[in-house]
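J.: Model the full assembly from the supplied sequences, consistent with the hints where possible.
All residue numbers for the sequence shown refer to the working numbering, where the first residue is 1 and numbers rise by one.
Some clues are possibly wrong.
[Stated by the list, open to error] Heads up, simulated DSS-like pairs for lysine-lysine below, C-alpha to C-alpha not over 27 Å straight-line:
{"id": "1", "residue 1": "Lys8", "residue 2": "Lys207"}
{"id": "2", "residue 1": "Lys207", "residue 2": "Lys333"}
{"id": "3", "residue 1": "Lys165", "residue 2": "Lys8"}
{"id": "4", "residue 1": "Lys87", "residue 2": "Lys8"}
{"id": "5", "residue 1": "Lys165", "residue 2": "Lys136"}
{"id": "6", "residue 1": "Lys165", "residue 2": "Lys120"}
{"id": "7", "residue 1": "Lys292", "residue 2": "Lys333"}
{"id": "8", "residue 1": "Lys8", "residue 2": "Lys80"}
{"id": "9", "residue 1": "Lys179", "residue 2": "Lys207"}
{"id": "10", "residue 1": "Lys80", "residue 2": "Lys165"}
{"id": "11", "residue 1": "Lys120", "residue 2": "Lys87"}
{"id": "12", "residue 1": "Lys120", "residue 2": "Lys136"}
{"id": "13", "residue 1": "Lys292", "residue 2": "Lys324"}
{"id": "14", "residue 1": "Lys80", "residue 2": "Lys136"}
{"id": "15", "residue 1": "Lys179", "residue 2": "Lys136"}
{"id": "16", "residue 1": "Lys179", "residue 2": "Lys87"}
{"id": "17", "residue 1": "Lys179", "residue 2": "Lys120"}
Rather than coming from a laboratory, the hints here were simulated on the basis of the structure.
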Amino acid sequence: MAGEPIIKIEHLTKHFGGGRDEVAALEDINITIHSGEIFGVIGLSGAGKSTLVRCVNLLERPTAGTVWVDGREMTALSPKELREARKSIGMIFQSFNLLMQRTALENVCFPLELAGASRKEAEARGLELLELVDLKSRAGAYPAQLSGGQKQRVAIARTLATNPKVLLCDEATSALDPKTTRDILRLIRDVNQRLGITVVVITHDMKVIEEICHRVAILDHGRVAEEGTVEEVFSRPRTEAGRRLVYPDGVPEELLRQNWAQGGGRVIRVAFNGGTAYQPLIASLAIDCGVKANILGADTRNIGGRAFGTMLLGLPEDEGQAAKALAYITSQKDITVEEVPDYHE
Numbered sequence: 001m002a003g004e005p006i007i008k009i010e011h012l013t014k015h016f017g018g019g020r021d022e023v024a025a026l027e028d029i030n031i032t033i034h035s036g037e038i039f040g041v042i043g044l045s046g047a048g049k050s051t052l053v054r055c056v057n058l059l060e061r062p063t064a065g066t067v068w069v070d071g072r073e074m075t076a077l078s079p080k081e082l083r084e085a086r087k088s089i090g091m092i093f094q095s096f097n098l099l100m101q102r103t104a105l106e107n108v109c110f111p112l113e114l115a116g117a118s119r120k121e122a123e124a125r126g127l128e129l130l131e132l133v134d135l136k137s138r139a140g141a142y143p144a145q146l147s148g149g150q151k152q153r154v155a156i157a158r159t160l161a162t163n164p165k166v167l168l169c170d171e172a173t174s175a176l177d178p179k180t181t182r183d184i185l186r187l188i189r190d191v192n193q194r195l196g197i198t199v200v201v202i203t204h205d206m207k208v209i210e211e212i213c214h215r216v217a218i219l220d221h222g223r224v225a226e227e228g229t230v231e232e233v234f235s236r237p238r239t240e241a242g243r244r245l246v247y248p249d250g251v252p253e254e255l256l257r258q259n260w261a262q263g264g265g266r267v268i269r270v271a272f273n274g275g276t277a278y279q280p281l282i283a284s285l286a287i288d289c290g291v292k293a294n295i296l297g298a299d300t301r302n303i304g305g306r307a308f309g310t311m312l313l314g315l316p317e318d319e320g321q322a323a324k325a326l327a328y329i330t331s332q333k334d335i336t337v338e339e340v341p342d343y344h345e
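T.: So, in structure tokens, the structure goes:
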């Protein structure tokens, strides 16, 4: 369960360049992240995601606004105070950023050595962390001998060496295949649950958000388009940016026109708002009402046994059958329906 706010971003603005060449990467960002939660930031390329996460630990200094982490105003710290504060903020990247001339164990030990730990202490702690990420058997391997997933596990272990309270993940799974991505996401979730570390996930992939995040903010052209729990955003995106990410229109117009050419009736969009993912709506419609609906397209997902997403249905041409189907579908729990009149043309 998430606790008190640990990250507070207030009126954050970041511009690059100056004069005619000035570019606004972020404008008036306000986000609060609570201790112990996994918070996602998602957006298309160029939305400002990576700039935002780099402003949290001041790898990028904001043009305006404030950033608070664990009760400290990062934007007001001296260079020495900032170096100390960053010890509680870990970060992992898409490119892993391992030292190629050091073994996995030596990579994990590196921040401990910088902090003044003895070699014996650093190695003992390093082996504990490699065991935590299930890579102790590869302690003596160099990065060139490791797979992408293994490199990211070493990077996570190295980040945990300084006992951070916050873990920033900047597109940490973008370079990995789908199976390895799931494994790394499970590891991040395990770290969050076992160690209580707050995690901020930067991604362009909704599947990453749905897999591990509790809440999510959608960035669009440097601004927060909307924010809420994953369930809220998935079931009722309020903005065009949210709808583009959550319910991309993958149904070709040719298919919709074909539905009418073949005698199809009205088209409706059904939104699943968190009911059981195991309720067979279309089968139940056919069994209970004797009405067959044509699935024109669907973008649905199962999150914890609950259904989210949308489905386009072509109702029968017969008005009586269509009305019966519409009444049945609208009576179902956690489902909303809207007609799509444009597709009738």
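J.: Measure nothing beyond the straight line between the CA atoms of lysine 165 and lysine 8; if it is 27 Å or shorter, mark the hint as holding.
T.: Given that 27 Å is the threshold and the Cα spacing comes to 14 Å, the pair holds.
J.: Are lysine 80 and lysine 136 close enough, with their CA atoms no more than 27 Å apart?
T.: Roughly 34 Å separates the two Cα atoms, so the pair is violated.
J.: Does the structure keep lysine 80 and lysine 165 at a Cα separation of 27 Å or less?
T.: Between lysine 80 and lysine 165 the Cα gap is close to 19 Å, so the pair holds against 27 Å.
J.: Going straight from one Cα to the other, do lysine 165 and lysine 120 come out at no more than 27 Å?
T.: Holds, because 25 Å separates the two Cα atoms, which is no more than 27 Å.
J.: Given the hinted pair lysine 179 and lysine 136, is their alpha-carbon gap at most 27 Å?
T.: 21 Å, holds
J.: Within a Cα-Cα threshold of 27 Å, do lysine 8 and lysine 80 meet the stated pairing?
T.: With a Cα-Cα distance of about 21 Å, the restraint between lysine 8 and lysine 80 holds, given a limit of 27 Å.
J.: Tell me if the straight-line CA distance from lysine 179 to lysine 207 falls inside 27 Å.
T.: 12 Å, holds
J.: Is lysine 8 close enough to lysine 207, meaning Cα to Cα at most 27 Å?
T.: Judged against 27 Å, a Cα distance of about 26 Å means the pair holds.
J.: Checking one constraint from the list: CA of lysine 87 to CA of lysine 8, max 27 Å. Satisfied?
T.: Cα-Cα ~18 Å, so holds.
J.: Is the hinted pair lysine 165 and lysine 136 satisfied, with a Cα-Cα distance of at most 27 Å?
T.: 23 Å, holds
J.: CA of lysine 179 to CA of lysine 120, is that 27 Å or under?
T.: 36 Å, violated
J.: Does the alpha-carbon distance linking lysine 179 and lysine 87 stay inside the 27 Å limit?
T.: Violated, at about 31 Å.
Hint violations for this structure: numbers 14, 16 and 17, all remaining hints satisfied.
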